[in-house]
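Trainee: Here is how the chains run, residue by residue.
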Amino acid sequence: MTLLRQPERAATSALPAPRARSTYRWSAWGFTAPGVLIVAVLLYLPFLWTTYLSFTRYNGLGAPEWLGLANYEQMFSDPALLTSLRNTALWVVGTIVVPVGLGLLIAVLTYDMRFGSWFRLPFLIPYAISGVAVGIIWSFVLQTDGALSQALSFLGLPGSDSRWLLDAPLNTFVMIGAAAWQASGVNALLFVIGLQSIPKEPVEAARVDGASGVRLFRSILWPMLRPLTTVVIGLSIVASLKTFDIVWVMTEGGPGRSSETLAVTMYRETFVRTEYGLGAAISVFLTVVTLIASITYLRRQLSERRAV
Amino acid sequence: MTRFVRPAFLGLLGLVWLTPIYLIVVNASRLPSEYSSRSVWKPAFGPDLWQNMTDAWERADLSASALSTAIYSVLGPLIAVLIGAAVGFAIVALRLPHGFFWFVLVFGGTIFPLQMILMPLFVGYAETGLYNTRLGLILVYTVIAVPFSAFVMRNFFSGIARHVFEAAVVDGATTWRIFWRIYLPMSASALVAIFILQATFIWNDLLLGLTLSQSSDVRPLMPALTALQSTYGGSAMPTVLAGGLLVSLPTVVLFLATQRIFSRGLALGQF
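For the protein sequence lines, the chains are V and H, in the order given. Using my numbering, the first residue of the first sequence is number 8, and each one after it goes up by one. Using my numbering, the first residue of the second sequence is number 6, and each one after it goes up by one.
One or more of the hints may lead you astray.
Derived Cβ-Cβ restraints for the label pairs, each shown as a range [as the list claims (entries may be wrong)]: (1) V:G69 with H:E39: 49 to 57 Å; (2) H:A131 with V:L55: 12 to 20 Å; (3) H:P190 with V:D152: 56 to 64 Å.
No wet-lab data here; the hints were simulated from the structure. We treat Cβ as the ideally placed atom computed from N, Cα and C, and that holds for glycine.
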């Protein structure tokens, strides 16, 4: 936080300082109060309450019963919750590899190309579609003996007899694919913004020296994109930790509880099984992991103000 | 040779990307009676698509949901952008004491996953009578958009020269007038960018709507669509697909029409 730049501007002030300061203090409070109040009441108060409840057993009736760490112990011993933890880990890894990788590939191939934005368009359309609609589209494509299976058998490729959404862990993999279909385009867009802001000179110099293709990418573009890559990966991790919509629509976490992610498990424990305490513990765990994953890019967000 | 490889590869990958959309459009264009899981790849397009959309609209009672969702997606970001801009204005222009602390406090609201607020809001809303009301949903959609707005607007206002503020003070303008008549109009582009990003997010939200509403006139579109899918997913696939297509159209059109502003919004928030 101390990294924030605070430009010295007060020196040029033309105002009679003392009087102005007290006048503005009150009106500054007036402008800040609505934002602070609404965030405090509707976000921070619930945060605190959820954190407290994660140490209790509570079903919405009567008073919460103090349990200490029991909910957290259950999280790491109950088979359904362990599956959910494993699936969430798969989501995080899969999301870093597929949509970030594909997004980078599309960006590098199109950023300096004629009609590049037209070539990117097909990848961007899914981004504007909701997670629910993406789920509906892909549950249709991935029906057993559905569109994908028919295409595979038509092309003579293996896998046409897969039960895409019914077998674990295959269902988690294909849902990661569906999420990648949605997210790759926006990652490409972010990388394009980054690539277009790279200074031309070093790239031209490397080209003159005969570097091109993979070599140019590895020695010039990739190192210069590093800060942006950190942000994109950080955001992808955070988004994948919260995966809910696609899973809820495509499998509801099933069959059994085989394809649940932590966000789905939290919802089920809280609102289906009214285990508020356990649901709260899952939320707190998600928050801690999210915070750790966000630190890298938050430091960046809070430390410098970049020109846009 | 390599000049053709790149466009060919990208074009092919783009076609693969559009395939699911093709499948949705053709299968939403068949009447449920003509639909067969054996012929999903066969081309189709025509008035039956409209018929299926109308059908989905009526069966899932989407008209009430669509109206509610439109209200949420307009009012939520609109109020949030103003509240966020006010916070940014107080910190940057009025030099709120300990401004950075208050900024981090407001911005911090965006770091935690929504899961942290779901259950307390559910219980709190039930006790205060906000559960399953449009007011309750407008409130929650506003608050989740406030941190991002405050973040972007603080950054944006830092770029406005100090003498703009001082000149207005010399002219005798009140702080409210400076905010409303000078700072807000100067930052119209940023306000629009935040508004579009947040409106899209709210339009597409499932989790908050699912948790905090129930009846078809309050419930947003996405929970209504999941209900349609779980009820008719087996028997009337084309209807469900048409419904999915229908509710996606507004955000896709908005996104394509404002792509430039959209990516500017992403860059403003540093994503």
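Trainee: Could you run down the list of hints and mark each one as holding or not?
Mentor: Going through the hints against the structure:
no., hint, in the structure
1, V:G69 with H:E39: 49 to 57 Å, "holds (56 Å)"
2, H:A131 with V:L55: 12 to 20 Å, "holds (19 Å)"
3, H:P190 with V:D152: 56 to 64 Å, "holds (59 Å)"
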